[in-house]
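Undergrad: Now for the letters of each chain:
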Amino acid sequence: MPVTVKIPAPLRPLTANQGEVAVENAATVQAALEELARKYPGIKDKLLDDKGALRRYVNLFRNDEDVRHAKGLGTELREGDRLTIVPAIAGGC
Amino acid sequence: MILDSLTQAVGNTPMVRLRSLEPPGVEIHAKLEWFNPGGSVKDRAALRMVQEAVSTLRGRTLLDSTSGNTGIAYAWIGAALHIPVALVMPGNVSEARKRIARHFGARIIFSDALEQSDGAIRLARKLVEDEPEKWFYIDQYSNEANPRAHELGTAREIWDQTEGRVTHAVIGIGTGGTIMGTGRGLKARNRAVKVIAVEPAEALHGLEGLKHMPSSIVPRIYKESEIDRKLSIATDLGWDMAERLISDEGLLAGHSAGAAAVGALQVAHELAGRGERGVVVTLFPDRADRYISPP
Numbered sequence: 001m002p003v004t005v006k007i008p009a010p011l012r013p014l015t016a017n018q019g020e021v022a023v024e025n026a027a028t029v030q031a032a033l034e035e036l037a038r039k040y041p042g043i044k045d046k047l048l049d050d051k052g053a054l055r056r057y058v059n060l061f062r063n064d065e066d067v068r069h070a071k072g073l074g075t076e077l078r079e080g081d082r083l084t085i086v087p088a089i090a091g092g093c
Numbered sequence: 001m002i003l004d005s006l007t008q009a010v011g012n013t014p015m016v017r018l019r020s021l022e023p024p025g026v027e028i029h030a031k032l033e034w035f036n037p038g039g040s041v042k043d044r045a046a047l048r049m050v051q052e053a054v055s056t057l058r059g060r061t062l063l064d065s066t067s068g069n070t071g072i073a074y075a076w077i078g079a080a081l082h083i084p085v086a087l088v089m090p091g092n093v094s095e096a097r098k099r100i101a102r103h104f105g106a107r108i109i110f111s112d113a114l115e116q117s118d119g120a121i122r123l124a125r126k127l128v129e130d131e132p133e134k135w136f137y138i139d140q141y142s143n144e145a146n147p148r149a150h151e152l153g154t155a156r157e158i159w160d161q162t163e164g165r166v167t168h169a170v171i172g173i174g175t176g177g178t179i180m181g182t183g184r185g186l187k188a189r190n191r192a193v194k195v196i197a198v199e200p201a202e203a204l205h206g207l208e209g210l211k212h213m214p215s216s217i218v219p220r221i222y223k224e225s226e227i228d229r230k231l232s233i234a235t236d237l238g239w240d241m242a243e244r245l246i247s248d249e250g251l252l253a254g255h256s257a258g259a260a261a262v263g264a265l266q267v268a269h270e271l272a273g274r275g276e277r278g279v280v281v282t283l284f285p286d287r288a289d290r291y292i293s294p295p
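Here the protein sequences line up with chains Z and W, keeping their order. The first sequence lines up with residues 1 to 93 when you count with the working numbering. The second sequence lines up with residues 1 to 295 when you count with the working numbering.
Treat each hint with caution, since some may be false.
Beta-carbon label-pair distances, calculated as ranges [claimed, not checked]: (1) Gly-91(W) x Lys-44(Z): 21 to 29 Å; (2) His-82(W) x Lys-39(Z): 48 to 56 Å; (3) Gly-19(Z) x Asp-236(W): 24 to 32 Å; (4) Ala-22(Z) x Arg-277(W): 55 to 63 Å; (5) His-82(W) x Glu-34(Z): 54 to 62 Å.
Restricting the straight-line Cα-Cα distance to at most 30 Å, the calculated cross-link-like pairs of lysine-lysine (DSS-like) are [claimed, not checked]: (6) Lys-6(Z) x Lys-98(W); (7) Lys-223(W) x Lys-46(Z); (8) Lys-230(W) x Lys-46(Z).
Some chain Z residues judged to face chain W by a derived CB distance under 10 Å, without partners named [stated by the list, open to error]: (9) Lys-6; (10) Val-21; (11) Asp-49; (12) Arg-55; (13) Tyr-57; (14) Val-58; (15) Ala-70; (16) Gly-72; (17) Leu-73; (18) Gly-74; (19) Gly-80; (20) Thr-84; (21) Ile-85; (22) Pro-87; (23) Ala-88; (24) Cys-93.
Just so you know, these hints were derived from the structure itself, not from any lab. Here the structure is a predicted model, which means the values were calculated and not measured. Where a beta carbon is used, it is the ideal one built from N, C-alpha and C, also for glycine.
Use the sequences and the hints to build the structure in full.
TA: Below you can see the structure in the form of structure tokens.
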């Protein structure tokens, strides 16, 4: 069940500079992140804190919906969904 | 006193002592830049850049890329001086910032949120390349009037407010304008003053207004050789400190102010640990209400 994960510029050094990555076996946001981390070690720490919760300054959108407004990391994904990692802030100045 | 224009109220911000954070023998002072009319330190640079550009605009619209505070500064200064302003902002700029800039009449052009502020820089460059007759690209990242505002203003104020006793300046880096200019102005008065930069620890961070230089387009005005030292601050530490400043000190500090305070505290404790005295000055760029979005 492939979904597309969109990667923000600051994380692309971890995904061989790809802005979009397809992941399989992603029934939930959590599963998609696990799968992403399996392919690209190091990315999980950037997104989740040491308790496994989504970092306060990272937003995840299932298509156009903020997953915090759905079921958080338990939000279900369907084939063809787009999961976008959006930094909570726009950057410097 | 009656001001002829609100632009005359830029600068001369208050400095407050953070006694409860101080280790023995070291003073910590914070300059509260949200007292500027536009609510942030960026008023200083924006005003100086606009003033130095105004005679060469020739009817063009002033354009720059910004993640927020510089945009708000250009927007209100443009309204006050009757200069048209357009801002390129990443799509994920906070709602509060978008609304404020729009109210001042600025035109906002959005760039890809995933490309962050570097994406906004690239889009601004492209707009100017495509229609050079339409835009005056003021470019806060390359404009020497940006650090000059701090060399002539912020540094002098810090010197006067501490009566020349400042030993360390701990300042966040965004464009680098504040630290470059303040550092130059302070070192010109006393070469022994140490200039210490605060940088987000990681490329993906939550310290709005600060730039992680190793993963960013490095601004032309930023010259690392002029800085004595760089401190990497984790987002969570900056956010927690901002909350502490709000609830324990009554200072409605934004996240970059929190990170700056973490840096100042680290420097102060290192000095105290060596049994040295010092006067550490930091700068709080903006207030937390810039981050509070409507529900």
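Undergrad: Each hint should be assessed against the structure and marked as holding or not.
TA: To see whether the hints hold, each was checked on the structure:
{"no.": "1", "hint": "Gly-91(W) x Lys-44(Z): 21 to 29 Å", "result": "holds, 25 Å"}
{"no.": "2", "hint": "His-82(W) x Lys-39(Z): 48 to 56 Å", "result": "holds, 54 Å"}
{"no.": "3", "hint": "Gly-19(Z) x Asp-236(W): 24 to 32 Å", "result": "holds, 27 Å"}
{"no.": "4", "hint": "Ala-22(Z) x Arg-277(W): 55 to 63 Å", "result": "holds, 59 Å"}
{"no.": "5", "hint": "His-82(W) x Glu-34(Z): 54 to 62 Å", "result": "holds, 56 Å"}
{"no.": "6", "hint": "Lys-6(Z) x Lys-98(W)", "result": "holds, 24 Å"}
{"no.": "7", "hint": "Lys-223(W) x Lys-46(Z)", "result": "holds, 28 Å"}
{"no.": "8", "hint": "Lys-230(W) x Lys-46(Z)", "result": "holds, 22 Å"}
{"no.": "9", "hint": "Lys-6", "result": "holds, 6 Å"}
{"no.": "10", "hint": "Val-21", "result": "violated, 13 Å"}
{"no.": "11", "hint": "Asp-49", "result": "holds, 8 Å"}
{"no.": "12", "hint": "Arg-55", "result": "holds, 8 Å"}
{"no.": "13", "hint": "Tyr-57", "result": "holds, 2 Å"}
{"no.": "14", "hint": "Val-58", "result": "holds, 7 Å"}
{"no.": "15", "hint": "Ala-70", "result": "violated, 17 Å"}
{"no.": "16", "hint": "Gly-72", "result": "violated, 18 Å"}
{"no.": "17", "hint": "Leu-73", "result": "violated, 17 Å"}
{"no.": "18", "hint": "Gly-74", "result": "violated, 23 Å"}
{"no.": "19", "hint": "Gly-80", "result": "violated, 19 Å"}
{"no.": "20", "hint": "Thr-84", "result": "holds, 7 Å"}
{"no.": "21", "hint": "Ile-85", "result": "holds, 8 Å"}
{"no.": "22", "hint": "Pro-87", "result": "holds, 6 Å"}
{"no.": "23", "hint": "Ala-88", "result": "holds, 5 Å"}
{"no.": "24", "hint": "Cys-93", "result": "holds, 4 Å"}
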